[in-house]
Amino acid sequence: GAVVSQHPSRVICKSGTSVKIECRSLDFQATTMFWYRQFPKQSLMLMATSNEGSKATYEQGVEKDKFLINHASLTLSTLTVTSAHPEDSSFYICSARDVYEQYFGPGTRLTVT
Amino acid sequence: GQQLNQSPQSMFIQEGEDVSMNCTSSSIFNTWLWYKQDPGEGPVLLIALYKAGELTSNGRLTAQFGITRKDSFLNISASIPSDVGIYFCAGQNTDKLIFGTGTRLQVFP
Chain H
1 GAVVSQHPSR
11 VICKSGTSVK
21 IECRSLDFQA
31 TTMFWYRQFP
41 KQSLMLMATS
51 NEGSKATYEQ
61 GVEKDKFLIN
71 HASLTLSTLT
81 VTSAHPEDSS
91 FYICSARDVY
101 EQYFGPGTRL
111 TVT
Chain R
114 GQQLNQSPQS
124 MFIQEGEDVS
134 MNCTSSSIFN
144 TWLWYKQDPG
154 EGPVLLIALY
164 KAGELTSNGR
174 LTAQFGITRK
184 DSFLNISASI
194 PSDVGIYFCA
204 GQNTDKLIFG
214 TGTRLQVFP
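Sequences listed follow chains H and R, in order. Going left to right, the first sequence walks through residues 1 to 113 as my numbering numbers them. Going left to right, the second sequence walks through residues 114 to 222 as my numbering numbers them.
Don't read these hints as lab results, they were simulated from the structure. Cβ atoms here follow ideal geometry from the backbone N, Cα and C, with glycine treated the same way. A portion of the hints provided could be inaccurate.
To be verified - The calculated lysine-lysine pairs, modelled on DSSO-like cross-linking and capped at a C-alpha distance of 27 Å, are: (1) R/K164 x H/K41; (2) H/K55 x H/K66; (3) H/K66 x R/K209; (4) H/K66 x H/K20; (5) R/K209 x H/K64; (6) R/K209 x H/K55; (7) R/K209 x H/K20.
Claimed, not checked - Restraint-style ranges between C-beta atoms, simulated for each label pair: (8) R/S190 x H/D27: 29 to 37 Å; (9) H/E52 x R/Q127: 43 to 51 Å; (10) R/I193 x H/T17: 42 to 50 Å; (11) R/D131 x H/F39: 30 to 38 Å; (12) R/L158 x H/H85: 15 to 23 Å; (13) H/E52 x R/I126: 41 to 49 Å; (14) H/K66 x R/E167: 39 to 47 Å.
All chains, please: the whole structure from these sequences, using the hints.
So this is what it looks like as structure tokens:
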């Protein structure tokens, strides 16, 4: 099946710094990529939808200036958490869509100290 | 954001038992999906349902798309230890997936 990778798998950063998370579709071209956030013992909440070469569409309540998304190619999307705070600590999961379905990455655990 | 309600919230069962969980929504969805998430991993698709009333199996898993398009259930027969994890339903109308609250399954040998 289709494979989606994320890098890094976990990252610890200091409050006030920025962190970039990469999402790649390894064996297919993804017309659309999605970014989700999952807090402990909770469900996945969609943050934004991105299409290659265009601006991301953010869900209500998600700050676009804080969570910068760049979908530079059909196989790569990046999420940058700017000026991170401890409340941004979470599990960030991307997914990539081909014609048939969404395939999820393994997630990135972000801890902000 | 919108979420689908899943029940039960958690289940503790013995290996070999059958499991049933369901998912309800106040909104209609055109597609229902069931995912399993292992700790520290992304969700993996188990079953996709595309038509109201559809009953689909995947090995020991069986899922049905409710007639009203507002609910779905997932059954697991003869549970095994590797069934442990969190099961999420998801509703889809466009590209977006709306996830359920999850059912945490624990299987004891």
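Could one say that the CB atoms of R/D131 and H/F39 fall in the range 30 to 38 Å?
holds, 31 Å
Mind checking the hinted window 29 to 37 Å against the Cβ distance between R/S190 and H/D27?
This hint holds: roughly 33 Å between Cβ atoms.
Assessment of proposed distance window 39 to 47 Å (beta carbons of H/K66, R/E167):
Hint holds: Cβ distance 41 Å, inside 39 to 47 Å.
Using the Cβ atoms, figure out if H/E52 sits within 41 to 49 Å of R/I126.
holds, 44 Å
For R/K209 and H/K20, compute the direct alpha-carbon distance and say whether it is at most 27 Å.
holds, 23 Å
Given hint H/K55 paired with R/K209 - CA-CA distance at most 27 Å
holds, 16 Å
Proposed proximity, R/K209 with H/K66 (alpha carbon, max 27 Å):
holds, 22 Å
Just to be sure I understand the hint, the distance between the Cβ atoms of R/L158 and H/H85 should be within 15 to 23 Å; is that true here?
violated, 33 Å
Under the criterion that the straight-line Cα-Cα distance not exceed 27 Å, is the pair R/K209, H/K64 satisfied?
OK: R/K209 and H/K64 at ~18 Å, within 27 Å.
Would you check the hint for H/K66 and H/K20, treating anything up to 27 Å between C-alpha atoms as holding?
Holds. H/K66 to H/K20 sits at ~12 Å (cutoff 27 Å).
Between R/K164 and H/K41, is the straight-line Cα distance small enough, at 27 Å or below?
violated, 31 Å
Evaluate the given range 43 to 51 Å for the C-beta pair formed by H/E52 and R/Q127.
holds, 48 Å
Violated hints, listed in ascending order, are 1, 12; each of the other numbered hints is respected by the structure.
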